[in-house]
Amino acid sequence: NAGVTQTPKFQVLKTGQSMTLQCAQDMNHEYMSWYRQDPGMGLRLIHYSVGAGITDQGEVPNGYNVSRSTTEDFPLRLLSAAPSQTSVYFCASGFGGSGNEQFFGPGTRLTVL
Amino acid sequence: GENVEQHPSTLSVQEGDSAVIKCTYSDSASNYFPWYKQELGKRPQLIIDIRSNVGEKKDQRIAVTLNKTAKHFSLHITETQPEDSAVYFCAARGNQGGKLIFGQGTELSVKP
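Just so you know, the sequences run in chain order A and B. With the first letter of the first sequence counted as 1, position 59 gets the number 59 in this note's numbering; the numbers rise by one all the way through. Just so we're on the same page, this note's numbering is the position in the second sequence counted from 1, plus 1000.
Accuracy of the hints is not assured; some may be wrong.
What the hints assert, rightly or not - Which residues of chain B face chain A? A few of them, derived with a C-beta cut under 7 Å, are:
no.	residue
1	S1028
2	A1029
3	N1031
4	Y1032
5	L1046
6	R1051
7	R1093
8	K1099
9	F1102
Unchecked claim - Below, simulated SDA-like cross-link-like pairs (lysine to any residue); rule was C-alpha separation at most 20 Å, straight line:
no.	chain 1	residue 1	chain 2	residue 2
10	B	K1042	A	A2
11	B	K1058	B	Q1045
12	A	K9	B	T1078
13	B	K1071	B	G1055
14	B	K1057	B	T1078
15	B	K1058	A	E101
16	B	K1058	B	K1042
17	A	K9	B	Q1038
18	B	K1111	B	D1017
19	B	K1057	A	E101
20	B	K1037	B	K1068
21	B	K1037	A	E101
22	A	K9	B	L1040
23	B	K1022	A	G40
24	B	K1057	A	A2
25	B	K1037	B	V1110
26	A	K9	A	P83
27	B	K1042	A	S98
28	B	K1037	B	S1018
29	B	K1068	B	E1005
30	B	K1042	A	P83
31	B	K1037	A	P83
32	B	K1042	A	V88
33	B	K1022	B	T1078
34	B	K1068	B	S1026
35	B	K1057	B	E1079
36	B	K1037	B	T1069
37	B	K1042	A	Q22
38	B	K1037	A	D38
39	B	K1042	A	A24
40	B	K1111	B	L1040
Keep in mind that the hints were calculated from the coordinates and are not lab data. Backbone N, C-alpha and C fix where the C-beta goes; we use that ideal spot for every residue, glycine too.
Using the sequences and the accompanying hints, generate a full structural model.
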């Protein structure tokens, strides 16, 4: 198993540009989520999904869109990038239900100029 | 919604000493409390977790305690070693298996 994969590893955008961060998992996990990590702010939940076709907002959803058309993929879209979205983005996945471990991807470091 | 507060933000101990990190949560429906360790430049990885029907759980040098009445839980690391130096995150999740909300993190430094 490849586990949770994310692409790209690094990305530099200009303000106003759009892009999609990719996340995929091959463990048949129902639950997938996106976090951003900023110094001193911990891991903040952006959006999450409890299964294909179902998504919901997290703590900081503004400026981001998601969709879940398959169990394996959970892309994160930035429609119009802003400098405030400069961060490290982590995707995570796990089996449904409360007590199951969430596995993190390697992260994407995004800089918006 | 759930809110998780974590303290302290930084912690420095001498090798061999114990370290304690504390978290509080707001949603009384939360019933799963994992702890993650993140080494520099790496992804967070689960080190221990506890469910609300258990008051304490131990795994070698690490232990977690949970006080549901007070809505707080703690991570205890004994006999600390330099390789324990990392950022530690607590988190909380409700019984519907939805959002996993993290605390702000604690940067632990173990000095040889």
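Hints the structure violates: just list their numbers, smallest first. 1, 2, 12, 16, 20, 24, 27, 30, 31, 36
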